[in-house]
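Colleague: Take a look at the letters that make up each chain.
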Amino acid sequence: MSHAALLFLHALSPLHAGTGQGIGAIDLPIAREKATGIPYLPGSSLKGVLRDRASAWDKDTLFAVFGPDTESASEHAGAVQVGDAKLLLLPVRSLYGVFALVTSPYLLERFRREAGMAGLQVPGVPQVPDAEHALLAPGSRVLGDGGKAYLEDLDLKAREETGARAWEDWLAERTEAPVQGRLAVVHDDLMGFLLETATEVVARIRLDDETKTVAKGALWYEESLPAESLLYALVRADRSFRKGKELPPESVWGLFRGVLEEGGGVLQLGGKATVGRGLCRIVVGR
Amino acid sequence: MRTRSQVWAQKAYEKVREAARGEGRGEYRDMALKLPVLVRQAGLSQALAFVDSRGKDAHRALGNHLAQVLGYRDLRELAEAARQAELLQYLRLTREVLAVAEWFKRFAQALIEE
Chain A
1 MSHAALLFLH ALSPLHAGTG QGIGAIDLPI AREKATGIPY LPGSSLKGVL RDRASAWDKD
61 TLFAVFGPDT ESASEHAGAV QVGDAKLLLL PVRSLYGVFA LVTSPYLLER FRREAGMAGL
121 QVPGVPQVPD AEHALLAPGS RVLGDGGKAY LEDLDLKARE ETGARAWEDW LAERTEAPVQ
181 GRLAVVHDDL MGFLLETATE VVARIRLDDE TKTVAKGALW YEESLPAESL LYALVRADRS
241 FRKGKELPPE SVWGLFRGVL EEGGGVLQLG GKATVGRGLC RIVVGR
Chain B
1 MRTRSQVWAQ KAYEKVREAA RGEGRGEYRD MALKLPVLVR QAGLSQALAF VDSRGKDAHR
61 ALGNHLAQVL GYRDLRELAE AARQAELLQY LRLTREVLAV AEWFKRFAQA LIEE
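Residue numbers (the working numbering), protein chains in the order written: chain A, 1 to 286; chain B, 1 to 114.
Hints are computed from structural coordinates only; laboratory data are not their basis.
All values reported here derive from a predicted model rather than from experimental measurement.
Yeah, the Cβ is synthetic: ideal placement off N, Cα and C, and Gly gets one too.
Incorrect hints may appear among the rest.
[To be verified] If you want the footprint, here are the derived chain A segments under chain B, 3+ residues with CB under 8 Å:
| # | segment |
| --- | --- |
| 1 | 15-27 |
| 2 | 149-162 |
| 3 | 194-201 |
[Unchecked claim] Straight-line alpha carbon distances no greater than 27 Å define the calculated DSSO-like cross-link-like pairs of lysine-lysine that follow:
| # | chain 1 | residue 1 | chain 2 | residue 2 |
| --- | --- | --- | --- | --- |
| 4 | A | 34 | B | 56 |
| 5 | B | 56 | B | 34 |
| 6 | B | 34 | A | 216 |
| 7 | B | 34 | A | 212 |
| 8 | B | 56 | A | 216 |
| 9 | B | 34 | A | 272 |
With the hints as constraints, model all of the structure from the sequences given.
Modeller: Structure follows, in structure tokens:
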């Protein structure tokens, strides 16, 4: 029996999980799932950072848990499987409450699937009548005048529902994301639009040393998930496959969890670390 | 049948090739490079109004070309459609303008010298 758990990743600064050069509006876009367009952080990216943290371990333990070095990858698999971290809550500018943490029935439904695999019980998924409505918890700070939620330049009819409150409470209890009073559940169609247009895009430049003006051609646009985004990843710990280093799933999980919690659970993920991107707090979902 | 993207690319290519021979091609190129990210950052209506407000003929020419690729008479008509659109139409129009603007950007880079 393997041990499965859900990790929550809370972005403390903009998170740039890049895909390299883009040819569209943005030069350095973020990774998105092909069919859904939902931003994600590849499991390999998360695993690599954690493996790096464990590099002080003895080789046998390191290889048993994370797998051998690339040149001997055929020997055996690592005992932990780190899934892609998928977006659950997207922070969106709001006239009331500064920002809302926005999600949709589909995002909640797929979260529910993976949470179930980790043995977590989640609230029911509320349904949004149409793209012009947003569901808020009763007493939400996102609720504005005229019974509306003003997200970016979208004025949505707000509906206060206990279903949204249940999710707020559930997530607030398990993560330190500022979700209380800020959750907004919008229609999947609207979510798709926000996922495309409400990510952070900044222009970056390189200066010419001589003139202190922008060097020729050295202007590019970079995309990130905004700070306060919340993602989740499913992680499984299996028994060790390394000969002479037998570890049951529980021990593998214990080792892996130790790495996670080192340094207060704060990790740097994705690219552009030297300009402050990718600071994330990781907690294990209970 | 051709894909939406092919149709837009072909039309945009013709427009940019025409502009590359005309006056103000530098300004046309600048706006073509800037527009997609402007739509992303500022929103559709705001971006279209910005192009219109620039006042330079070449900038407005790009706006008109883009509108024509999408089947509108000119920039003003497209901007009007953006202002009038109901929410879901607006979302779709944003996507379409973005997709077409990206073709203009790419062809302007390829066909108009700096």
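Colleague: Find the hints from earlier in the document that the structure breaks and name them by number, from lowest to highest.
Modeller: 4
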